[in-house]
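Undergrad: Spelled out, the chains give:
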Amino acid sequence: MRYFFKTIHLIDYKNIVPKTVIGLFIILILLIPVFTRNVVTLSTLIMTGIWAVAAMGFTLVLRTGQFSLGQSAFMALGGYASAILTAQMGLPFWPSFLVSGLVSGLIALLVGMVVLRVGGIYFSIITLALGEIVRIIALQWEPLTRGSRGIIASAPPPIILGGHELVNFNASLAPYFYFMICLVAVTGLVFWRIGESRLGRTFAGTALNPVLAEHQGIYLMKYRVIAFTVAGVFTGYAGALYTHFLQVITPMVFGLWQSIQIMIMSIVGGIGSLVGGPIVGSILLYNLGEYLSRLDTPGLQSFLFGSVVVIVVMFLPQGAGLVNLWERFWNKVVWREEEYEPDEPED
Amino acid sequence: MPPAEILIEGLTQSCIYMTMAFGMVLVFSILGILNWTHGQLFMLGAFIVFYSTTAAGIPFPIGILLAGLVMAGIGILIKKFIIDRIKGELYIGVATLALIFALEGAASLLFTSDDRGLAIILPGVLNLGVVAISYQKMAVIIFTLIVMTAMYFVLNHTKVGLAIRAVAQQPVAASLYGISTERLSLIVMGIGCALAAMAGAIMAPLYPINPFIGRTPMIMALLAIVIGGLGSLTGAIVGGLILGFLHSVIAYYISYLSEVVLFGLIILILLVRPQGLFGASAK
Numbered sequence: 573m574r575y576f577f578k579t580i581h582l583i584d585y586k587n588i589v590p591k592t593v594i595g596l597f598i599i600l601i602l603l604i605p606v607f608t609r610n611v612v613t614l615s616t617l618i619m620t621g622i623w624a625v626a627a628m629g630f631t632l633v634l635r636t637g638q639f640s641l642g643q644s645a646f647m648a649l650g651g652y653a654s655a656i657l658t659a660q661m662g663l664p665f666w667p668s669f670l671v672s673g674l675v676s677g678l679i680a681l682l683v684g685m686v687v688l689r690v691g692g693i694y695f696s697i698i699t700l701a702l703g704e705i706v707r708i709i710a711l712q713w714e715p716l717t718r719g720s721r722g723i724i725a726s727a728p729p730p731i732i733l734g735g736h737e738l739v740n741f742n743a744s745l746a747p748y749f750y751f752m753i754c755l756v757a758v759t760g761l762v763f764w765r766i767g768e769s770r771l772g773r774t775f776a777g778t779a780l781n782p783v784l785a786e787h788q789g790i791y792l793m794k795y796r797v798i799a800f801t802v803a804g805v806f807t808g809y810a811g812a813l814y815t816h817f818l819q820v821i822t823p824m825v826f827g828l829w830q831s832i833q834i835m836i837m838s839i840v841g842g843i844g845s846l847v848g849g850p851i852v853g854s855i856l857l858y859n860l861g862e863y864l865s866r867l868d869t870p871g872l873q874s875f876l877f878g879s880v881v882v883i884v885v886m887f888l889p890q891g892a893g894l895v896n897l898w899e900r901f902w903n904k905v906v907w908r909e910e911e912y913e914p915d916e917p918e919d
Numbered sequence: 203m204p205p206a207e208i209l210i211e212g213l214t215q216s217c218i219y220m221t222m223a224f225g226m227v228l229v230f231s232i233l234g235i236l237n238w239t240h241g242q243l244f245m246l247g248a249f250i251v252f253y254s255t256t257a258a259g260i261p262f263p264i265g266i267l268l269a270g271l272v273m274a275g276i277g278i279l280i281k282k283f284i285i286d287r288i289k290g291e292l293y294i295g296v297a298t299l300a301l302i303f304a305l306e307g308a309a310s311l312l313f314t315s316d317d318r319g320l321a322i323i324l325p326g327v328l329n330l331g332v333v334a335i336s337y338q339k340m341a342v343i344i345f346t347l348i349v350m351t352a353m354y355f356v357l358n359h360t361k362v363g364l365a366i367r368a369v370a371q372q373p374v375a376a377s378l379y380g381i382s383t384e385r386l387s388l389i390v391m392g393i394g395c396a397l398a399a400m401a402g403a404i405m406a407p408l409y410p411i412n413p414f415i416g417r418t419p420m421i422m423a424l425l426a427i428v429i430g431g432l433g434s435l436t437g438a439i440v441g442g443l444i445l446g447f448l449h450s451v452i453a454y455y456i457s458y459l460s461e462v463v464l465f466g467l468i469i470l471i472l473l474v475r476p477q478g479l480f481g482a483s484a485k
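Here the protein sequences come in this chain order: X and L. Under my numbering, read the first sequence as residues 573 to 919, first letter to last. Under my numbering, read the second sequence as residues 203 to 485, first letter to last.
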């Protein structure tokens with residue numbers, strides 16, 4: 573698996589986009605619920621954010637050279653944990669939400685400690701099996717998960733500050749939108765810091781050359797497990813938000829096909845960056861899928877989705893996702909520079 | 203001891219997983235990639251045999267061969283026009299995974315997503331006293347035996363087979379000896395896809411046909427490959443056998459959680475022997 577990573581280069585956004593542009597862009601995003609109250613637009617954006625977090629988790633695991641085909645299992649775990657704690661056990665929302673990610677992370681830790689010993693393609697296929705196991709258990713453990721009927725999860729309770737209601741999740745979608753923004757921002761920040769830190773470079777090192785990394789005294793499995801666990805925690809939060817946004821979770825929601833979609837989002841978006849790539853990928857591909865699902869003919873949606881992804885992969889420059897295309901556009905067209913060749917990270 | 207019918211059912215399933223896994227391993231050993239669309243080629247094979255026997259009135263055995271030929275052609279087209287134009291194992295993987303959606307979508311567009319059933323071609327049951335086997339299931343088993351024998355012969359006693367083995371071992375050295383790796387990989391892709399399609403075609407009278415039947419066999423074939431050891435043809439056959447039997451026998455004892463137990467067992471096998479039963483080495 574390691575030779576995927578020969579062409580990865582980390583993007584230095586600081587040189588590409590001035591800070592003011594980034595600031596303005598963030599303010600514009602934050603103001604979206606002010607401009608529009610359209611339910612369809614907002615819910616599409618919220619779902620995009622949720623998938624973006626899941627795709628970031630996939631990218632982090634891929635950074636260590638492991639190709640996980642079971643990321644949606646962690647969304648299901650987080651979603652079920654939160655739904656069971658609130659709806660079945662009657663606990664308040666915020667603690668259960670916090671616990672949900674930890675549950676999913678704990679399971680990722682346990683599974684990772686067992687499974688990451690094998691690594692490579694075996695890891696992919698075992699995570700694929702893990703996804704199926706989670707789905708089957710959710711389907712069969714009737715007393716806890718209510719089987720195929722699913723669990724109805726309530727919306728988060730209104731936040732009351734100083735006597736009057738500050739945020740009401742039932743009134744509009746805007747609170748969910750800001751909730752999603754917070755989740756994406758926290759995840760993005762954590763992953764970005766990981767990517768910049770020694771830990772992130774170690775991840776990349778274990779993928780680039782496992783043998784050399786091991787000879788440098790890096791215990792490969794430790795770092796693989798760390799990446800898998802961190803990804804599990806945040807993917808779990810994404811699943812919990814998904815559950816409380818749609819207010820229902822059934823075993824059908826998260827399966828192999830969702831895992832494959834997460835993977836496609838991450839890779840088409842660009843695996844060179846831990847944050848930008850997944851966000852770009854999920855914005856484009858989720859909206860493509862959503863747009864296509866309005867077509868009435870059965871089958872046309874998945875046919876067009878698959879074909880578009882194949883064509884995109886065929887015409888992408890080697891080793892670059894869509895996020896790198898933006899970089900090239902910026903440098904060649906806007907700055908009119910010669911081809912920008914970022915330095916290979918020296919470590 | 204489960205009843206003999208369960209074992210027969212297990213054997214039938216093993217045959218399908220074996221044929222699929224064999225094709226996938228063959229493609230993997232030459233091209234170095236896993237073809238994730240194998241399950242969908244299985245599904246298209248079943249559809250081809252369905253339409254050729256019902257609409258065109260072609261006899262069933264010829265329908266199977268036709269399915270194999272057509273899907274070999276499609277496999278070669280996929281190799282030539284999609285896989286060859288993408289660089290990097292990761293991106294090829296994404297493209298073939300996306301092809302799953304494309305092919306399933308195309309099949310639902312063309313054939314609608316309803317279940318259909320092909321009438322049993324070989325009615326009747328062979329009664330052996332202790333066990334009764336329907337002729338249709340026997341046909342599956344005999345067909346698999348024939349295919350495996352043919353593949354054994356091709357790989358071990360023909361020039362093409364020699365070339366395939368040589369390229370699988372040492373691609374560079376093989377091409378130095380004048381073997382066209384390019385042409386060989388097309389041939390192997392054709393053979394692999396034809397095997398998947400023929401597995402689908404021979405199963406068509408036994409199970410309902412819809413555009414989504416390829417998913418389970420693909421997952422099972424992948425697991426069979428992993429149990430057997432990636433890159434080992436014997437491993438694919440043994441893995442398929444183990445998986446088919448385990449699946450039926452465990453489902454007989456505990457119907458609900460059978461797949462969980464199955465996956466748990468597979469994880470256990472991999473922990474004891476990470477490279478698979480017949481794998482050469484760990485990395």
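No lab work stands behind these hints, which were simulated from the structure alone. Virtual Cβ for every residue (Gly too), placed ideally from N, Cα, C. Possibly wrong hints are sitting among the right ones.
Which residues of chain L face chain X? A few of them, derived with a C-beta cut under 7 angstroms, are [as the list claims (entries may be wrong)]:
(1) 286
(2) 297
(3) 300
(4) 303
(5) 306
(6) 310
(7) 364
(8) 367
(9) 370
(10) 408
(11) 409
(12) 452
(13) 455
(14) 457
(15) 472
Undergrad: For each hint, tell me whether it holds in the structure or not.
TA: Here is how each hint holds up against the structure:
1. 286: Hint violated; residue 286 of chain L Cβ to chain X Cβ min 10 angstroms, cut 7 angstroms.
2. 297: holds (5 angstroms)
3. 300: holds (4 angstroms)
4. 303: holds (3 angstroms)
5. 306: OK, holds: residue 306 of chain L within 7 angstroms of chain X, min 6 angstroms.
6. 310: It holds, given that the least Cβ distance between residue 310 of chain L and chain X is near 3 angstroms, below 7 angstroms.
7. 364: violated (27 angstroms)
8. 367: violated (22 angstroms)
9. 370: violated (17 angstroms)
10. 408: Check failed: Cβ of residue 408 of chain L comes no nearer than 23 angstroms to chain X, outside 7 angstroms.
11. 409: violated (20 angstroms)
12. 452: Residue 452 of chain L check fails; min Cβ-Cβ to chain X is 13 angstroms, beyond 7 angstroms.
13. 455: violated (15 angstroms)
14. 457: violated (10 angstroms)
15. 472: Hint holds; residue 472 of chain L Cβ to chain X Cβ min 6 angstroms, cut 7 angstroms.
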